[in-house]
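Chain A is already provided as a structure; the job is to place chain B on it using the hints.
Number of protein chains: 2
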Amino acid sequence: MRAGPLRVPFNGRPTTPVMYWDSDIAKWIEMASYTLAAHADPALDAQIDEVIARITKAQQPDGYFNTYFLRREPAKRWTNLRDWHELYCAGHLIEAAVAHAQATGKTTLLDVIRRYIDCIARNFGSEANQRRGYCGHPEIELALVRLYRFTNERRYLDLAKFFVDQRGTQPRYFDQEAIARGADPAALFFGTYEYNQSHMPVREQRTVVGHAVRAMYLYSAMADLAGEFDDAGLMAACKTLWGDLTTKRLYVTGGLGPSVRNEGFTTDYDLPNETGYAETCAAIGLIFWAHRLLLVERDARYADMMELALYNGALSGLALDGEHFFYENPLASRGGHRRWTWHRCPCCPPNIGRLIASLGQYVYSTAEDEAAVHLYIEGSARMSIGGVGVSVQQKTQYPWDGAIEIRVDPEQPLEFALRLRIPGWCRSARLQINGNELDVSALMNRGYAHVRRRWQKADVVELNLSMPVERIYAHPEVAADLGRVALKRGPIVYCLEAVDNDAPLRHIALPRSNPVDARFERELLGGVGVLTAQALAAQPSEDGALYSTDPPDMRPTTLQAIPYSFWSNRDSEEMSVWIREI
Amino acid sequence: MRAGPLRVPFNGRPTTPVMYWDSDIAKWIEMASYTLAAHADPALDAQIDEVIARITKAQQPDGYFNTYFLRREPAKRWTNLRDWHELYCAGHLIEAAVAHAQATGKTTLLDVIRRYIDCIARNFGSEANQRRGYCGHPEIELALVRLYRFTNERRYLDLAKFFVDQRGTQPRYFDQEAIARGADPAALFFGTYEYNQSHMPVREQRTVVGHAVRAMYLYSAMADLAGEFDDAGLMAACKTLWGDLTTKRLYVTGGLGPSVRNEGFTTDYDLPNETGYAETCAAIGLIFWAHRLLLVERDARYADMMELALYNGALSGLALDGEHFFYENPLASRGGHRRWTWHRCPCCPPNIGRLIASLGQYVYSTAEDEAAVHLYIEGSARMSIGGVGVSVQQKTQYPWDGAIEIRVDPEQPLEFALRLRIPGWCRSARLQINGNELDVSALMNRGYAHVRRRWQKADVVELNLSMPVERIYAHPEVAADLGRVALKRGPIVYCLEAVDNDAPLRHIALPRSNPVDARFERELLGGVGVLTAQALAAQPSEDGALYSTDPPDMRPTTLQAIPYSFWSNRDSEEMSVWIREI
Numbered sequence: 005m006r007a008g009p010l011r012v013p014f015n016g017r018p019t020t021p022v023m024y025w026d027s028d029i030a031k032w033i034e035m036a037s038y039t040l041a042a043h044a045d046p047a048l049d050a051q052i053d054e055v056i057a058r059i060t061k062a063q064q065p066d067g068y069f070n071t072y073f074l075r076r077e078p079a080k081r082w083t084n085l086r087d088w089h090e091l092y093c094a095g096h097l098i099e100a101a102v103a104h105a106q107a108t109g110k111t112t113l114l115d116v117i118r119r120y121i122d123c124i125a126r127n128f129g130s131e132a133n134q135r136r137g138y139c140g141h142p143e144i145e146l147a148l149v150r151l152y153r154f155t156n157e158r159r160y161l162d163l164a165k166f167f168v169d170q171r172g173t174q175p176r177y178f179d180q181e182a183i184a185r186g187a188d189p190a191a192l193f194f195g196t197y198e199y200n201q202s203h204m205p206v207r208e209q210r211t212v213v214g215h216a217v218r219a220m221y222l223y224s225a226m227a228d229l230a231g232e233f234d235d236a237g238l239m240a241a242c243k244t245l246w247g248d249l250t251t252k253r254l255y256v257t258g259g260l261g262p263s264v265r266n267e268g269f270t271t272d273y274d275l276p277n278e279t280g281y282a283e284t285c286a287a288i289g290l291i292f293w294a295h296r297l298l299l300v301e302r303d304a305r306y307a308d309m310m311e312l313a314l315y316n317g318a319l320s321g322l323a324l325d326g327e328h329f330f331y332e333n334p335l336a337s338r339g340g341h342r343r344w345t346w347h348r349c350p351c352c353p354p355n356i357g358r359l360i361a362s363l364g365q366y367v368y369s370t371a372e373d374e375a376a377v378h379l380y381i382e383g384s385a386r387m388s389i390g391g392v393g394v395s396v397q398q399k400t401q402y403p404w405d406g407a408i409e410i411r412v413d414p415e416q417p418l419e420f421a422l423r424l425r426i427p428g429w430c431r432s433a434r435l436q437i438n439g440n441e442l443d444v445s446a447l448m449n450r451g452y453a454h455v456r457r458r459w460q461k462a463d464v465v466e467l468n469l470s471m472p473v474e475r476i477y478a479h480p481e482v483a484a485d486l487g488r489v490a491l492k493r494g495p496i497v498y499c500l501e502a503v504d505n506d507a508p509l510r511h512i513a514l515p516r517s518n519p520v521d522a523r524f525e526r527e528l529l530g531g532v533g534v535l536t537a538q539a540l541a542a543q544p545s546e547d548g549a550l551y552s553t554d555p556p557d558m559r560p561t562t563l564q565a566i567p568y569s570f571w572s573n574r575d576s577e578e579m580s581v582w583i584r585e586i
Numbered sequence: 005m006r007a008g009p010l011r012v013p014f015n016g017r018p019t020t021p022v023m024y025w026d027s028d029i030a031k032w033i034e035m036a037s038y039t040l041a042a043h044a045d046p047a048l049d050a051q052i053d054e055v056i057a058r059i060t061k062a063q064q065p066d067g068y069f070n071t072y073f074l075r076r077e078p079a080k081r082w083t084n085l086r087d088w089h090e091l092y093c094a095g096h097l098i099e100a101a102v103a104h105a106q107a108t109g110k111t112t113l114l115d116v117i118r119r120y121i122d123c124i125a126r127n128f129g130s131e132a133n134q135r136r137g138y139c140g141h142p143e144i145e146l147a148l149v150r151l152y153r154f155t156n157e158r159r160y161l162d163l164a165k166f167f168v169d170q171r172g173t174q175p176r177y178f179d180q181e182a183i184a185r186g187a188d189p190a191a192l193f194f195g196t197y198e199y200n201q202s203h204m205p206v207r208e209q210r211t212v213v214g215h216a217v218r219a220m221y222l223y224s225a226m227a228d229l230a231g232e233f234d235d236a237g238l239m240a241a242c243k244t245l246w247g248d249l250t251t252k253r254l255y256v257t258g259g260l261g262p263s264v265r266n267e268g269f270t271t272d273y274d275l276p277n278e279t280g281y282a283e284t285c286a287a288i289g290l291i292f293w294a295h296r297l298l299l300v301e302r303d304a305r306y307a308d309m310m311e312l313a314l315y316n317g318a319l320s321g322l323a324l325d326g327e328h329f330f331y332e333n334p335l336a337s338r339g340g341h342r343r344w345t346w347h348r349c350p351c352c353p354p355n356i357g358r359l360i361a362s363l364g365q366y367v368y369s370t371a372e373d374e375a376a377v378h379l380y381i382e383g384s385a386r387m388s389i390g391g392v393g394v395s396v397q398q399k400t401q402y403p404w405d406g407a408i409e410i411r412v413d414p415e416q417p418l419e420f421a422l423r424l425r426i427p428g429w430c431r432s433a434r435l436q437i438n439g440n441e442l443d444v445s446a447l448m449n450r451g452y453a454h455v456r457r458r459w460q461k462a463d464v465v466e467l468n469l470s471m472p473v474e475r476i477y478a479h480p481e482v483a484a485d486l487g488r489v490a491l492k493r494g495p496i497v498y499c500l501e502a503v504d505n506d507a508p509l510r511h512i513a514l515p516r517s518n519p520v521d522a523r524f525e526r527e528l529l530g531g532v533g534v535l536t537a538q539a540l541a542a543q544p545s546e547d548g549a550l551y552s553t554d555p556p557d558m559r560p561t562t563l564q565a566i567p568y569s570f571w572s573n574r575d576s577e578e579m580s581v582w583i584r585e586i
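Here the protein sequences come in this chain order: A and B.
Our numbering numbers the first residue of the first sequence as 5 and each following residue consecutively.
Our numbering numbers the first residue of the second sequence as 5 and each following residue consecutively.
Check before you lean on any hint, since a few could be wrong.
Because identical chains share one entry, a pair is satisfied inside a single copy or across any pair of copies.
[What the hints assert, rightly or not] Dumping the calculated DMTMM-like pairs for lysine to aspartate or glutamate here, alpha-carbon to alpha-carbon at most 20 Å:
no. : residue 1 : residue 2
1   : Lys-461   : Asp-557
2   : Lys-252   : Glu-419
3   : Lys-110   : Glu-54
4   : Lys-399   : Asp-248
5   : Lys-243   : Asp-547
Hints listed in this document are in silico derivations from the structure and should not be mistaken for laboratory results.
Here chain A stands alone, though its shape is the one from the complex (with noise of 0.2 Å):
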């Protein structure tokens, strides 16, 4: 998605200025210099500068920025670190900032948000004259680690650490900032500091809890931290909490956070489909730990996870205009449940615009003598190995298709591994280089293929990845799920939405041995798969019985599922993507 114009929020009507928007510009211009990056927009480029220009006028003298508390409430500042987004701010201007010098070279905005930066240090720290706070809302810890990366200086990091490792700690900084404003310190969201994880310390977190963002922005900071840090035992916590999530709380379209209640986790298995709130934002925060995870511990299952998170969870998000945009993904509907134009809380639109203007950073790695493919999409990179660059180009119909072909061109002939992955879900993959068959078993690697070789200019790479479609069952404890099956072919998971389906989606049994076959619509939905099927719908008996001795008739029906992200693109009535088995 290229980025528009920046929106005013109820245009021409009065506003009230929330404490969290300055997280929402700073998406903007941060999904903005992606596509700067990617295509020459002098319009846009002109448009950010002048963003950058109000922010660099309205930056304190002491460094300070936050619209909304210069402007409203100045004598506030730093007295709610818990409930005020006040960090979290400044963590994605942080990430905007590195965005827009990475596009532009300019360093207007990073020289402001450094400042900025300077001030925050000062102010926070374990020194006595500090506060030993930390934010309600976790984004800035990721913030700085990427700040640390961009400028390699370390105190970026330290920062982050800081208020990672002083998360949860006693005595509770919420408590004694409460105390400090006059406030009842156990009025507090839902009665649980596991709304923004500051229960206890995040090394003796065990269970994903609470505001399911706020979760997926802190454990990608613990994933950077433990990563830059050789942390053992950050790292051990974050695996035990991914274990968590992805055995007791996810959604098989890699949505999380069921209730609207905290927008987050409730109990385990707790995953229901009409009402479940999944946000568009925790699907892409968990696209962000994964990724991390995954650079870190070089292991394919994050990339798995990643991958269907992308494709399912959070795309779903965004409408095929890239002007519609779904809050909550639901995974059943019984209609009405339609993608918004704009939100009071507009923090799923520039989110998911960032995701997918820098959808490039996730597709590839190189390390000092390997490369590496984590997701396929058609599409080429220009990297640098050893020193060498390295073209690739990817050719390819996937995710429709197991068959990509990726053509690699080193400037020189240059001897490297490039690790392609073998994704968890498929059973059976062929590997060629220039023709030649490789046994794949034996290359696999925390499932990656590892082709070490000294790779020549236009080497050609083809992978057949086999993706028949899936019957998916969920743990019987998912209440929900039981007795249905949800239908998933490569990383697409499936669902059925009405306007494809005679039957109403309720009355749609599958039996479970009938084949269910897959074909590419080029004319539906700008060209995707779909999936088909004989199916049984339940018929009301003749009589219109409410109760009756004999069970509903099932007469044959042709079932058609999408993929579960492109709903509701056409109309907004039902849709499943459980489908009841028989």
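Showing chain B alone in chain A's frame:
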């Protein structure tokens, strides 16, 4: 249940009187009077007298009596009929007064209430100086019919008819009274007059809507008046509403009103199990309505419904100890749904109390030259048919067994028709008189076997109703029940309760072809029918995976079901009426 001493709510703590408490006092008097009629109890008699003396003392010179308005809001009498339950309380006082007079022969309360009704009759009516109002919570209408039947004074019947006919007419009284008291007439519960069934004239109503108890009490009065006035239009409306309820909006237990929000109806086929509201008083109200339709139409289908709601949706509201109550009767629970001893809105305890204490009136009815047996319950009754005393004695283990022996003892030989209900669920019935087999099918009329003969002392009727276990399926539009089965034997709906089953109930699936066995368990819950079957329980995979391409393994398990109305008498863990069927 015998009436215990009148409880003082929140004993020893200050209480806030609420405007409907008179109704609960009245229901207590009514229940206590029924109890007195069955068992002499001088202490209870004296306690009732004491309450009546207080009511008498508080009555105003003009006849008005309402504790709340007299003590708290004397200036607001009859200013908000829509919300304030004023005439509703009067209705319950009428029922109490009639029951008390019938039980004791004393007219102390009746005299007071008749003066109050005189006061109401002066104030309400279609004369120019009268209010054209009616109560937001129906009750006085059916109570006035009852008062008419006891006193034979036609003016009570006419006032009932006025209230029913006036309801929902234009200009709408509730709008007018709102304007008169300076309120916005549009500020009403849920923004709709459907809530209290005043959205249109009752004869035009086609759909059961709004607060379920209000609906049942209104429809009961409509049935009464349709019978008294031989009013075909009113009866047609009643039957349309009956059809709507029973084919689209009723739980299999006879519970009704699925939503906690309006304590009432929502949309067609919206019958969620776990969140089902199904207020005890609503099922009781359905019994009232069904009973009245039965007396007018003489059709056993109304008795079938009366019996279903009695044994299931209503009785579940009362614990075996007679001292704990459900307000809400969901059809499934994950645990934690417990009966309570007292409730902020204590309508259900005295309502189920007066129902149980007056059960006898639902068992038989008599007419000029007939006696009808509507319910089969061990016990004896004395009735008068054509001026001749007839004693009837039932011996039966019903509802646990379909064998019923009825001894008919007329004071003198007497020809009359004995109508014996053959329940709708019964596929095969055998009937013998003094050992001689009759052809039941030849005797059938509207669900009753009519046995017209000259009855003699000690005639013995033996009725055998076959009572196999039946599997019940819901209409496929009931999303919560699709793929599920309920077990029923005779009038009793069964449920699984955690304490009786090894596997978590949510994991259990009953194969369609497995037989379900019934037995009587003398030691369980005071003696109840129990159903058992070989079933299967879904097993988590060994690796605990959240999603898998393999369906869950199913291990054999024995399922045991108990009557739904007996649940939550041992613990309050998982419960489910609807069982997954495979």
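Tested hints:
1. Lys-461 x Asp-557: neither (64 Å within a copy, 52 Å between copies)
2. Lys-252 x Glu-419: Neither: 43 Å inside a copy, 72 Å across copies.
3. Lys-110 x Glu-54: Classified as within: same-chain Cα gap 13 Å, cross-chain 91 Å, threshold 20 Å.
4. Lys-399 x Asp-248: Result: close neither inside a copy nor across copies, 37 Å intra and 60 Å inter.
5. Lys-243 x Asp-547: Close across copies (17 Å), not inside one copy (57 Å); limit 20 Å.
Checked against the numbered hints given earlier, this structure breaks hints 1, 2, 4; the rest are met.
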